[in-house]
Every structure is written in structure tokens, then in C-alpha cells.
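Asks: One-letter residues, chain by chain:
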Amino acid sequence: MSATATVTGTTAPTRAVVPSEIRRTGYLLIGIAALAALLAVLVPSGDSRIRISTSADALQIPIFAVPGKVTAIVLTLVVVGLAAYGFRLTQRGTRVPVWVVATAGALAFVVLLLLLSAGKDQVVPITGLLAGTLLLGTPLVFGALSGVVCERVGIVNIAIEGQLLAGAFAAAVVASMAGNAYVGLIAAPVAGLAVGALLAFFSIRYQVNQIIVGVVLNVLVVGITSFLFSTVLSDNPNLNSRLGLPVLPIPLLSEIPVVGPVLFRQNLLVYLMFAIVIALQILIFRSRWGLRLRSVGEHPKAADTVGIDVNRTRWRNTLLGGAIAGLGGAFFTVASGLAFGKDMTAGNGFIALAAMILGRWSPKGAVVAALMFGLSKQLGQFIQQLQAPIPPQFLLMLPYVVTILAVAGFAGRVRAPAAEGVPYEK
Amino acid sequence: MSTPKEPLGPTPAQDPLEPVEPQSAADDEIGTTATGQPARTPGFGETYLREVLSSSWLLTLLAIVLAVLLGGVLIIATDPAVQEAAGYLFARPSSFFTAAWEAASQAYLALFQGAIYDSQAATFTRAIRPITETLTIATPLILAGLSVGLAFRAGLFNIGGQGQVILGAVLATWIGFGLDLPPVVHLVLALIGGAVGGAFWAAIAGVLKARTGAHEVIVTIMLNNVAAYLVLWVVTTQIFAGGTSGTSKPVGENARLPALLPEPFRLHLGFVLALVLAAVVWWLMERSTLGFKLRAVGSNARAARTAGISVGAMTVLAMAIAGGLAGLAGASQVLGTEGYLTASVAGTIGFDAITVALLGRSKPLGTVLAGLLFGALAAGGRLMQTRTGTPLDLVLVLQSFIVLFIAAPPLVRTIWRLPKPGARREKPSPTSTTPVTAGADA
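Here the protein sequences line up with chains A and B, keeping their order.
Quick note: the first sequence uses UniProt numbering, first residue 1, plus one each step.
Quick note: the second sequence uses UniProt numbering, first residue 1, plus one each step.
Chain A on its own, in the form it takes in the complex (with noise of 0.2 Å):
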């Protein structure tokens, strides 16, 4: 592949079709570069204060003050650096590592913080603002790995909200008939695998199109738990009290400073989160399952050829799938220690499903993607409290526009799986 590529002169019959997805990463990149040079030119004078610590740290670091314009500057330099690299891979017809792309555009993320912040008094806290990301991001996570899952046995998943929010609703109720937090994360997957078994029954049973049967799932469960806490919860407060789980700090680990409050100070449902994403990123490409699940995704036929049940290995993962983000609708009640409300996903399991995309339909990508989502959310909430000039709502269309513009310039690049939404008939 990139053997051809180097060739220089015209006959290489792949040269007119590879580099113009690779130019577009090298577009993309010097995009990145002008952004963060133009941001850098704003940033006003006066230092940014920095806090790293949180107030559990054993360990405290005291905040500190960087100078914005200078640091602004330094970074933009790296970043442009960065740029100048990977665009002269593209200019090779070699693609652009993604750390490269990942680091300029987080680089260039550091770059708007420190315009907002400059010469203000509010401090910077960078651990509290990765640990929100990856709160933000963990019903994504969630949601994007139910995905993974359906869309590799090659059933589309758009109910993947509808999954989270009757998680959410059975958490919040199960786990308050209970009294105990931790029986709503039972109930909750239990929730989204009834409605990952209706997923499946119209779409395998009577091969309805797969992608009506998700919108209208997500209907269907958004008027049932509406309905229900109209009637049921609000005469019975006592069935949708806020429960939390609580914060489970691993010892040592969750002392580092930085990573340790981030990763090894959440709750049981981040930990199962973590143990989920890797369980599945290798069982999906090394074990039995995994060959399985995606031989059925890419060519049923073929599968059926050397005895794969196609239909039941599809129904089950589709199970599988629903059960994984009702998992993570449990994040919206109990794990938040809220109580459950209406329509309370908001959309959260579309988001899922783009992040699923952009990672390429693998489980790393995924939640590389997800946590994205989450840090640009953050971003918006944080940067709200900072008074910006620029209207909030305009940085919280930022992770939609991000989206579009990934899907278009990916677009060339991902493949879905083969037989994705097409019914299986012997």
C-alpha cells in the first residue's frame, strides 16, 4: 500500500483514490493549525491560574499561574509543528498517525482555554475538568459499545437512547424499591435488553427496517417512562428517590496526581465501564465470539456456510448490545445520584452513535470518541462559568459540528460493516 503510494509518477492505479482521504487529514490538520494560531493572537495578556490537585489529594499541589499569551504561543508553535508533520505525510500519500491529530486538536483545545481564561481570577482546574469529561463521556462509552456490538453482528442500533433511558428509569425504580443503589445496576441492563429483545424481534423475526424500528423504539420508550412517572412514580415518590452510588477510590492508584482522581476515584459503574471497553476490544478481534459476531456482520451467507446460526447469533448480541447501554443508563439516575425525570437521556444515545462512527465501530475508538464528546461538553459548561464573549450556546454546538465535519472527512475512510441492516434469509 504505501509502497505504491511512493511512487511518484501517475501509473499507480491507487494514487487517485488513497491520498484524497489522506488529504483531507492534511487539511484537516492545517485547519487545526490556523484555529489554534488565531486563537493564540486573541488571547489577552495575564496569567491563567492552573489548579492540578483536587481538595482529596494526599499529595497537594498548590495552583499556579502560566502566562497566556507566551504559553498560548509555545503551544500554537507544537501544533503548527504537529501539522507541518502530518500534512507532509499526506503530501507523501502516507497516513497521519492519529496521536498526531488527537494531540493538535486537544494542543488546540488547551490553546481556547487559555484565551478564556487569561487575566481572570477563576482558576483553570484541569483534574476537575478531565474527571467531568469522563463523566460526561461515560453514558457515551456506554451507548457507543452497545453499538460496537449490534452493528458488528450487523443489526443498526439507533435505539441505543431508548436503551439508556429505560436503564436510567429501571435503575432509579428498582434501586429504590431496593433501598440500595448498587440493584439498580442489575435492573438497568435488564431494561435495555428488553428493549434490544424488541430491536430484535422486528427486525430479525419480521425484518422490519432496522433503522424505523430504533427511532420508534426510542419513542415508545421515551411515552412509557414518561407515562409512568406521570402516574406511578409521582403517586409513589418513595419509587424514584436519588440514590448514588458511592465513590469507590482505589488506594495508591487514585493518589497519582491528575490520573488517580480521574481514573481510580469513580464509582462501580466507571470501573465496569473500563472492564467492558477492554474485555470487549479483545474478545471482539481475538476470541471465538468475536469472529463469530463480525463474520455475521460482513457476510452472513458465508457464515451460515460453515454453521453459524446467523439469526440467533444476532439476536443474541443484539440482546447483548441493549444490555450494555442500559448498563450505562444507570449513569443518569443512580450512579449520578438523581432521581429519574423525563426524557432525562437528551439525546445522549445519538451522540453515542456518532461516537461509534468516528471510532470506526471498534470499542478503542469508541470511547476515544465518547470521551470527546465528553471533554467538548465540559469545555461548553466550564467555559459558560468563565462569562466568555463568545455565547455558550455556540461552544455546545461545537461537539455537533466537530461530528459533521469528521464524518464527512472520515467518511472515505470507515466502512460499516457489510451486511449492516440487511435481514438474514436462508
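By construction, these hints were calculated from the structure, which means they are not laboratory data.
Incorrect hints may appear among the rest.
So, partial list: chain A residues that the calculated Cβ filter (under 8 Å) puts toward chain B [unchecked claim]:
#1 Ser230
#2 Thr231
#3 Ala354
#4 Val401
#5 Ile404
None of these values were measured; they are calculated from a predicted model.
All C-beta atoms in this analysis are idealised placements derived from N, C-alpha and C, irrespective of residue type, glycine included.
Dock chain B against the given chain A, drawing on the hints supplied.
Replies: This is chain B only, laid out in the frame that chain A set:
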């Protein structure tokens, strides 16, 4: 090979809204059903009965009945009086059933009264107000439903109705209060503005799909969110902000859609506009060359390309026309029903439109009827909530059940024990999606 692979789902080989049927009996034309090569010539009565039993009209009706029954179960299960009666179910079963019947029938009666004719109302005006409310609420649903249906038939999933409604409403409002023009001109210009706003928003998704292969489902969902924040910002800007916070300046009198009935009624010319546009869409899709091209791309993009149709251009055009219709839905809200812009102008019109289009099988007449039904449910739901305390959310449940059942005709037939269409056939003919499977098999 020049078109990139879509990231989500294959291009539907046929109208994606057409329910999968063992044979092509889903079409509205009664009569195609019986042409399933029967082994012997059946008598007229038998044929007719079979046609009626397998017609999509009957299936639609039965699907609605099923949804109403399931909704009734939900009402009964959550009703306090019924729960009380259930406590002594075995001692006095009759009181349980009476309570259950009371709960469900009262709720549905209120739903009907709120949707069609309120027999409990004090004055005649109030009694007939419900039906006019139904038509008022149905107006944007029909327009947005036509939008979704048109895109569906061109092979596109326009989930972005919400964003297009918002953009249409914003632009129509801006023209509505920003300009000072003579009566008819102002209204027409504001309506055009609404259509352009929606068309622009949808065309973004169309262009991205045509140029880069970005899937329109994802792009339109994202554009919905962008539009939601955009309108939140717009209503706070100097240009738009009106007296009360969160609302825009009122639309000028000349730009308002005139009311069809005197004062207490809200029904306005937008409803007539929706009906006219339904006819226009029918003509466009069924009788015009452009409609033929759009449908060709929708049913088989590869074949359409071979036939010399520019798939990319049709994609952009289909999205733009669909967006224009959705934009008009937004315009009809601000120029007709509301008179000003709020951040929640779109409500859930864009999402309801998907179910409307699905229920209407993406045909204009069906969409009008489905829009009226959903308008009736929404209008009736409000009275049901105030009169019997049954939450409005029941309407969402009814809507989604109806659409789920309509999308799966074999399920409805199984539940009602109806004969399969063409039951004498050995094996069901290929379903609508089989050509895609065949492609994957190759």
C-alpha cells in the same frame, strides 16, 4: 467505486418505508393482492374477502386497534382505582373489571372529545373547537411528514426535520418582523424564507452525502442539535429579542397566515397550504420527470446512475425539497399558530413527522391522513390529561405502537389470525431487501 461506502446501513433497495411483505400486497391498490397466481379460480366472494383481509387499510385499522388496546392496558395498570379493586380481585372480580373499564373508557372518551367534538362543552363554539385544534396541530405534522416521506422515497432518511423546522421558523420570523411589505407579498416572502431556511439546512446533509458519503442520518441528527442551540441563541440576540425573554418580536400582521375561522379558533391558512402542498408533492413524485428520477435513485441508485441520472444531484435536490417542506412547517408555526418565535418552536414536530410519514407509507394522501390522526391524538391527549389525569405521554405510546405494528404486517396478521396474502404460494417471494442481501452474497 467512486462513491464512498456509507457508514451506516445500506441504501435501501426499495422504498424503505414500505413494510416488508411476503409479496407486494402492501400497496394501496386493492387487486394486486389477488394476482398471486392462484392454482384454481376462486369465487368472487372469496377473492373479495381475501382482498379486504389482506389490504393495507384493514391492517392499518387493526394496528391502530391493537395500539389502543395496549394503551388501555397501560392506563388500567396505572390507575389507582383499578389497583385498589385489584386488591380484592378474587373476592369481587366484577368491581375490578368495572374499575378497569371505567379507567380506560373514560380516558379514551376524553381523548375523542378533545380531538373531534366535545359533547360536554358548555357552548357550541367550545364543542367544535377540538376538531379545529386537531387540524391546527396536524398542519405542521403534515408538512414535515411530506418532507420525511419525500426523502424516504428518494432513498434518504431525513431524521433532520427538527433542525429544518427550526431554521424555517427562524428565517420566516426574521422576514416576518424585519420587513414592512404590503399584505400578500409579505406573507409569500416570509413563507419562501421559511422554505429556503429549511432547504438550506437539509441541503448541507445532502451535499455532504453526495460529496463525501457522510451518512445523512448522522449528519441530520447533528444538525438538529446545532439548530436547537442556534435558536436558543437567536431568540436572545438584539435583532430578535422581543418584550418577554425567550420570545422574539411578533411577526407583522401582513406576514401572518390569515385565520380560517373567527376569533376563538386558531385554525389558519397553513392547513390549506399543507393540503395543497400534499397535492403538489403527489404530482411531483408521481407525474413529473424529476419525481421519477428521485424515485429511481431511491429504489436503485446503481441502476439510476447507469440510466444517466446524477445520483449526487438527486440526493442534494431531494434533501433540499424535503427541507423546504419541513421549513414551511416551521414557518406555518410562527406565521400561523404562534405569531412569534420561541426556542421550542419545533416542539417534537420533526420527530413526529418520521412516524407520520411511516404511518402514511410516505405517500402524500397517507401522510395527510396520518398527520390528521396524530394531530387528533395530540389535541385529544391534552383534554384527556386535564379531564381524567391520564398523562399526555400516552399519545407517544399509542403513536409508536401504531407505527411498529404497521411496519410488521405479519405480526398484525398473526395476532388477528388473518390469512396470509397469497397463502397458496409455496414460498414467499423475495422481500424488499433481498437484492441487497444478494449483493452481499455475491
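Asks: Evaluate each hint against the coordinates.
Replies: Hints and how they fare:
1. Hint status for serine 230(A) relative to chain B: holds, with the closest Cβ pair at about 4 Å, below 8 Å.
2. Against a cut-off of 8 Å between C-beta atoms, the interface hint on threonine 231(A) holds, since the closest Cβ of chain B lies about 4 Å away.
3. With 8 Å as the threshold, the beta carbon of alanine 354(A) comes within range of chain B, its nearest partner Cβ sitting at about 5 Å, so the hint holds.
4. The criterion of a C-beta within 8 Å of any C-beta in chain B is met by valine 401(A), whose closest approach is roughly 6 Å, and the hint holds.
5. At about 5 Å, the closest approach between the beta carbon of isoleucine 404(A) and any beta carbon in chain B falls short of 8 Å, and the interface hint on this residue holds.
Hint compliance for this structure: no hint is broken.
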